[in-house]
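Same order as they appear, the protein sequences are chains X and A. Position in the first sequence counted from 1, then plus 35, gives you my numbering. Position in the second sequence counted from 1, then plus 24, gives you my numbering.
Note that these hints are calculated values from the structure, not bench results. Glycine is no exception: its CB is placed at the ideal position from the N, C-alpha and C atoms. The reader is advised that the hints may include incorrect statements.
Unchecked claim - Covered stretches of chain X, going by a simulated chain A footprint (3 or more residues, C-beta under 8 Å):
1. 76–86
2. 107–117
3. 189–195
Chain residues, written in single-letter form:
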Amino acid sequence: MTRIIFASALALAATGALAQDVVRLATEGAYPPYNFLNDQGEVDGFERGLGDELCARAQLTCEWVTNEWDSIIPNLVSGNYDAIIAGMSITDERDEVIDFTQNYYPPSPSAYAALSPDVDVNTGTVTAQTGTIQAAHVASTGATLVEFATPEETVAAVRNGEADAVLADKDFLAPIVGESGGELTFVGEDVPLGGGIGLGFRESDAELRETFDAAIQSMKDDGTLNTMLIKWFGEETQTF
Amino acid sequence: MLPACADPSTLEGLSWYLCYLTTGKHLSFYTSFGTVLLLLAVTAPAALALGFGGAMLARSRVPPLAWIGKGYVAIVRGVPDIAFFLFFVVALDQGFEYLRHRIMCADWDQPVRQGNDFVVCDIAKLPLNSSPQWMHEIYGFALAVLTFAIVFGAFAANVLYGAMRAVPRAQMETAEAYGMTHRQTFWRVLVPQMWVYALPGLSNLWMVLIKASPLLFLLGVEDIVYWARDLGGSKTPQFTDYPHGDWRMWYFLFLLVFYLAFTRVSEVVLDRLMRRLTHGQAIAGGEAQRKTAMVGPA
Numbered sequence: 036m037t038r039i040i041f042a043s044a045l046a047l048a049a050t051g052a053l054a055q056d057v058v059r060l061a062t063e064g065a066y067p068p069y070n071f072l073n074d075q076g077e078v079d080g081f082e083r084g085l086g087d088e089l090c091a092r093a094q095l096t097c098e099w100v101t102n103e104w105d106s107i108i109p110n111l112v113s114g115n116y117d118a119i120i121a122g123m124s125i126t127d128e129r130d131e132v133i134d135f136t137q138n139y140y141p142p143s144p145s146a147y148a149a150l151s152p153d154v155d156v157n158t159g160t161v162t163a164q165t166g167t168i169q170a171a172h173v174a175s176t177g178a179t180l181v182e183f184a185t186p187e188e189t190v191a192a193v194r195n196g197e198a199d200a201v202l203a204d205k206d207f208l209a210p211i212v213g214e215s216g217g218e219l220t221f222v223g224e225d226v227p228l229g230g231g232i233g234l235g236f237r238e239s240d241a242e243l244r245e246t247f248d249a250a251i252q253s254m255k256d257d258g259t260l261n262t263m264l265i266k267w268f269g270e271e272t273q274t275f
Numbered sequence: 025m026l027p028a029c030a031d032p033s034t035l036e037g038l039s040w041y042l043c044y045l046t047t048g049k050h051l052s053f054y055t056s057f058g059t060v061l062l063l064l065a066v067t068a069p070a071a072l073a074l075g076f077g078g079a080m081l082a083r084s085r086v087p088p089l090a091w092i093g094k095g096y097v098a099i100v101r102g103v104p105d106i107a108f109f110l111f112f113v114v115a116l117d118q119g120f121e122y123l124r125h126r127i128m129c130a131d132w133d134q135p136v137r138q139g140n141d142f143v144v145c146d147i148a149k150l151p152l153n154s155s156p157q158w159m160h161e162i163y164g165f166a167l168a169v170l171t172f173a174i175v176f177g178a179f180a181a182n183v184l185y186g187a188m189r190a191v192p193r194a195q196m197e198t199a200e201a202y203g204m205t206h207r208q209t210f211w212r213v214l215v216p217q218m219w220v221y222a223l224p225g226l227s228n229l230w231m232v233l234i235k236a237s238p239l240l241f242l243l244g245v246e247d248i249v250y251w252a253r254d255l256g257g258s259k260t261p262q263f264t265d266y267p268h269g270d271w272r273m274w275y276f277l278f279l280l281v282f283y284l285a286f287t288r289v290s291e292v293v294l295d296r297l298m299r300r301l302t303h304g305q306a307i308a309g310g311e312a313q314r315k316t317a318m319v320g321p322a
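With the hints as constraints, model all of the structure from the sequences given.
As structure tokens, then:
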């Protein structure tokens with residue numbers, strides 16, 4: 036018995052020494068291809084591959100955590116995990132609360148998808164996920180904004196007629212529109228929003244942010260980031 | 025995963041469903057039913073204990089103790105559950121970490137609040153950053169249980185307080201006439217008899233607790249609602265071996281059936297319990313039982 040206690044005390048001490056080396060990465064797990072849960076229930080997608088590669092380059096042990104989109108920033112600043120890697124666009128409003136790395140995904144267009152091509156996205160009812168740049172954009176147009184907690188619900192709202200159109204990242208909508216067999220189409224002009232996607236860190240965590248920033252830079256320099264972008268978003272996607 | 029499920033695109037009909045319903049994600053879904061049952065199994069006794077303590081305090085003849093008991097009941101009952109849940113989980117977590125921080129990192133010179141950030145030293149984190157994910161999940165679950173217990177404890181305290189007052193005064197007077205002390209009358213006469221008065225209120229609370237269990241989802245615990253929403257969402261073929269449309273309705277229908285069945289079983293069990301507790305009691309139910317027993321079953 037004493038030996039067991041002693042052994043577990045040692046184990047505890049050992050994990051204590053490594054405390055700084057585990058970085059907890061939070062994602063939403065509901066925004067394919069950026070991040071989603073695969074059939075095994077594990078985090079998968081572009082950001083999974085990217086995050087694992089960044090951690091390998093920075094020689095950090097990373098652990099994946101899923102968190103609701105709504106509370107993803109509050110839980111970061113209260114210290115439940117160390118970084119957000121969840122398709123989060125770099126915006127000034129968010130930058131006041133957290134700090135971003137350089138973008139790992141270039142500024143890219145958002146797009147409207149609707150059931151019929153003649154929907155007027157500036158006067159109709161448009162849905163977007165709560166707390167996104169797309170929601171902020173819809174609110175600034177003449178359209179009526181309907182918000183949902185998850186991306187999935189925004190698309191469902193268009194399908195069952197609750198909203199005329201959905202505004203989301205084009206790369207999120209593309210596979211959905213493509214698979215809908217003509218049911219959904221892109222309407223209106225694409226809207227360029229945000230400054231690309233970066234990892235979010237606590238403002239007091241500058242050192243960790245710089246480590247990841249350097250890792251992103253090295254992936255940009257040797258072209259592996261572009262390979263990953265093309266793998267998940269197809270040939271037409273914007274690269275660095 | 026079953027070996028027959030290696031290539032789901034070739035499957036059809038029943039075997040497709042069999043494979044679909046046994047994916048890793050579905051297994052997590054089934055496991056999460058255990059999470060909900062565990063929550064109820066732990067929360068119910070914890071809330072009852074808190075309620076009992078609250079009721080005893082509220083009855084206390086020492087004014088400050090009575091104020092604590094009555095204050096607890098009044099505050100918790102008066103604030104919306106959801107506000108409490110969102111407040112408590114963050115407040116408890118930061119409170120625990122702050123205490124540990126003060127004790128374990130006494131020589132730390134930076135402020136704990138830096139702008140928006142809540143920063144404690146690494147070894148004060150709960151759980152440690154390096155702890156495996158399951159420990160974080162258990163910690164989150166424990167916070168949820170504690171919050172549930174505090175909220176439902178207040179309601180239970182109110183029910184028990186009323187039940188203690190409902191025990192006929194004559195019973196207490198008789199006990200006192202036999203020379204029992206205050207403590208003896210409480211434990212030997214009052215407590216055994218009060219349950220029958222408390223049960224209708226407590227069974228109501230139990231039902232509300234069952235139905236409140238999806239609040240776990242709000243607290244970030246991956247419960248049945250979380251998985252039902254994720255599994256039911258439409259899936260495009262690029263990202264899954266089992267593409268399907270929007271099936272949320274079916275998953276939530278399943279949850280509805282589960283909750284209905286569960287509350288029905290609870291009703292049956294509680295009815296039986298009520299019959300047992302009524303036995304031999306000088307109340308309407310007990311009197312009816314006595315008469316039936318005298319006449320014999322018709």
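Cross-check of the supplied hints:
Coverage of the region 76–86 of chain X by chain A holds in this model, with 4 residues showing a Cβ closer than 8 Å to a Cβ of that chain against a need of three. A count of 7 residues in the region 107–117 of chain X with a Cβ less than 8 Å from any Cβ of chain A is obtained; the coverage claim is therefore met, three being the minimum. Look at the region 189–195 of chain X against chain A: 3 of its residues bring a Cβ nearer than 8 Å to a Cβ of that chain, three or more, so the hint holds.
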